[in-house]
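Trainee: Here are the chains, one letter per residue:
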Amino acid sequence: MKKIALALAALFALTVPGSAALQVDVNQGNIQPLPIAIPDFIGDPQGANIAKVVRADLERSGLFKPLDPKSYVEQIKSINAAPTFANWRVINAQGLVTGQAQAQSDGRLRVDFRLWDIYGESQMLGLQYFTQPENWRRIAHLISDAIYERITGEKGYFDTRIVFISEGGPAKNRKKKLAVMDEDGANPIFLTRGDYLVLTPRFNPTAQMIAYMSYINGKPRVYLFDLESGRQEMLGNFPNMTFSPRFSPDGNKVAMTLENGGNSDIYVMDLRTRSYTRLTTDPSIDTSPSFSPDGKQICFESDRGGSQQIYVMNADGSNQHRISFGSGKNGTPVWSPRGDMIAFTKQGGGAFHIGVMRPDGSGERVISNGWEDEGPTWAPNGRVLMYSRTLQGGRGSQIWSVDVTGRNERRVITPGDASDPAWSPLIQ
Amino acid sequence: MTRFSGLLKFAALSAALALAACSSKPEAPPADNGPPPAQTDNSAPVQSSSIVPGSAEDLRVNVGDTVHFDYDKYEIMEADRSVLQRQASWLAKYPSVRVTIEGHCDERGTREYNLALGARRANAVKEYLVSLGVANGRLETISYGKERPMCTESSESCYAQNRRGVTTITGGASS
Amino acid sequence: MVGAVALHVAILAATMFAWTHTLDIADEAPPVVPVDLVTIGEKTNIRAMVKQQPKEPPKQEEVQPPSPEKAEVTPVTPQREEAAPPPDQMAAEKVPQKPPPPPQVQPQEKPQPEKKKESFDIDKMMAFLDKRAPAQSAAPNAAKGPKTIKGIGQQNAMTMDLIDTLRNQIAQCWSPPVGAPHPEQLIVQYELFLNRDGTVAQTPQLLSSTSSDPFMRAAADAARRAIYTCQPYRLPPDRYDQWQDITLNFDPRQMVGQ
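Chains R, D and X are the protein sequences, given in the same order. For the first sequence, position 365 matches number 365 in the working numbering, and the numbering has no gaps at all. So the working numbering is basically just the index in the second sequence, starting at one, shifted up by 1000. So the working numbering is basically just the index in the third sequence, starting at one, shifted up by 2000.
To be clear, the hints were calculated from the coordinates, so they are not data collected in a lab. Since the structure is predicted, the reported quantities are computational estimates derived from the model, not experimental observations. Built from N, CA and C at the ideal position, the CB exists for glycine as well. Some clues are possibly wrong.
As the list claims (entries may be wrong) - Taking CB as the label site, the calculated pair distances span:
1. 274/R x 2182/X: 32 to 42 Å
2. 2158/X x 369/R: 24 to 34 Å
3. 172/R x 1132/D: 27 to 37 Å
4. 172/R x 2168/X: 40 to 50 Å
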């Protein structure tokens, strides 16, 4: 009977292509997070924690909707058997992650996982990791990254860290500490005690070094902080204030601002030779430099035209030209690691917002909704931004994140008040 | 009812205090005030008699250590010139005193831009004092951008207080 | 009568397909273990530092800064101390670390064997490619109407309402990757056969090129998920001959930047 039906169906199907297919252009969609089921990983008890972190990572991205484990119909007993896909379609899951954690005889933790396509009824991805048990969180982030990449086509950003300024104390005299944490807010570590003002930290491309501004000894200067050795050093020996440091994409240079007699100009310092080159000479404020990912250009802000606006120049200082012509003032440009966008702070109508535009200044869009949002930083995949949000009336500051499309704006978990986030590259 | 009137009294008292606080703020450049209230709090109440001539307090209370700026500007305002003239005379009277001029901004500027703007303001004060005969070497500048506000409300009157240049003694003062 | 028979055959066929399909998977999928070995490096100081905060279940305790006194200008020592415990492990770890991150990429290739249907798609796609591609790239955003390729122009008027109905239904289910670097290039075309009850009759055939571009693959997956999750399609059964075979052109250009 089955055979007959199949034959009939085949016959039927054969006749169909003869008739012309109906052509339908689908131009509009409905942007929704992907419903995905991530049961606790089986085996070692740590498996439940790993699944929990993966669920939280994917949920935070705004592109996934991890389904409530209580709704799951099927219990995963082995990760080496295909799930019963119909059981997952019942709860409207479109993806399923099954995993297993096992303690190895050598003391390490082994973690396997598979990503299943519920409608395609196939495995999309399967990976295995070994690590020291205490690194389970990192494994979870790596799994999140792998799932994210397989579903969206682009690299994830969960196995990254954030360097930021942790704030506390009275509004008139904030205690600011240099701090780092995992992208999900876990493992916060304070690198300074708050005895002096610190501002605007930024990672180098290996995430081993931080350039930031410190008022230690009453002299505001740019410092380098080596995370491996804990050593700090003043960058250069300049008589006046240095600020707004940012590494070149190869990590060999730092672009920053030197103030002299009230005038601020952009310089680039070569970290190997410690020689520096002046890039701007205008008597206006020139600051907030940020390299393009190919290292060939620098975007920066200047008020040379009468108000603070965004400019782009070649890395040697040539061909300086304005790119922001929208309303209000525009500052703190930061080039996307993808190269396709520059994020910036837009000031107008009494508020600050985060915006993005193409490097030629076109396609400007405002993507954040706070009252005073400033200082954007890009996730290494160029897809998500974080920034400082200062609350009205001295009620403190927070770190927020938003998708480059303007979706999924949400507060980033920090220990207390925080500002000036900078995203690390993917950790190697 | 008694509680209510008590509340009323409290409210009235608060309002009076607030008014008093406001009027003492150096909005305008009056002849002899302009002390940043927050900083004087820790010392004795203002009594010019107890102030040591040539001290930091002398500068703050009797001379005036603060000038103000318009939004996103760094020119010395007409009204503030008398303060700087008094500072210059005072510095001439106490030649061993060295000062640092702090430049501050309101919150309506981005962090790095405000560092640069604060530097401009501090430098404008410095240049004005130099033009009045104060030796260049006695004057240093530092910018705090928007990091050290005097007032934390998000209002124009508050912003105006925060856009300031403050002359602070770093050495050689009487104590 | 003929219609009724056809309907029954179609439904039967659909169930058969679904049935055998699941069987296939159940039979052959499990033993295939396309898992690759990826070793996580232990070397970076980053992780050494992570250990500095040993039992910090972060989220809850973030409210108060944990151990603010931790380190000042000399976090060297604390770090070093913390890093100290696992030095031998670290050394041991460096060995397997030689094959570093790259392996992560490879495993994605491995699951392919299971995707027999997709490889079948590719053949079919090749056949269609020359016909579709030009029309596709030439189509401006505004051109909403059906394309006049394949000489079906005369059908347009008759089928316009069907097209609108289908488009509206599937738009609810389609979540295109608009955040990709060049979403305007991620145009995906599927051929879809429907049963009379509006359910998907067989695995949709991908007509457009997938290439090896991960973004393109993600876009194709997203379109395929839309096709499946939107079924059954609500279309007039008496005009089944007009909608049993559908070419869906998923074009995210109008949604870019949304």
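Trainee: Work down the list of hints and note, for each, if the structure agrees.
Mentor: To see whether the hints hold, each was checked on the structure:
1. 274/R x 2182/X: 32 to 42 Å: holds (41 Å)
2. 2158/X x 369/R: 24 to 34 Å: Given range 24 to 34 Å: violated, Cβ gap about 47 Å.
3. 172/R x 1132/D: 27 to 37 Å: holds (30 Å)
4. 172/R x 2168/X: 40 to 50 Å: violated (57 Å)
Of the hints listed earlier, those the structure fails to meet are numbers 2 and 4, in rising order.
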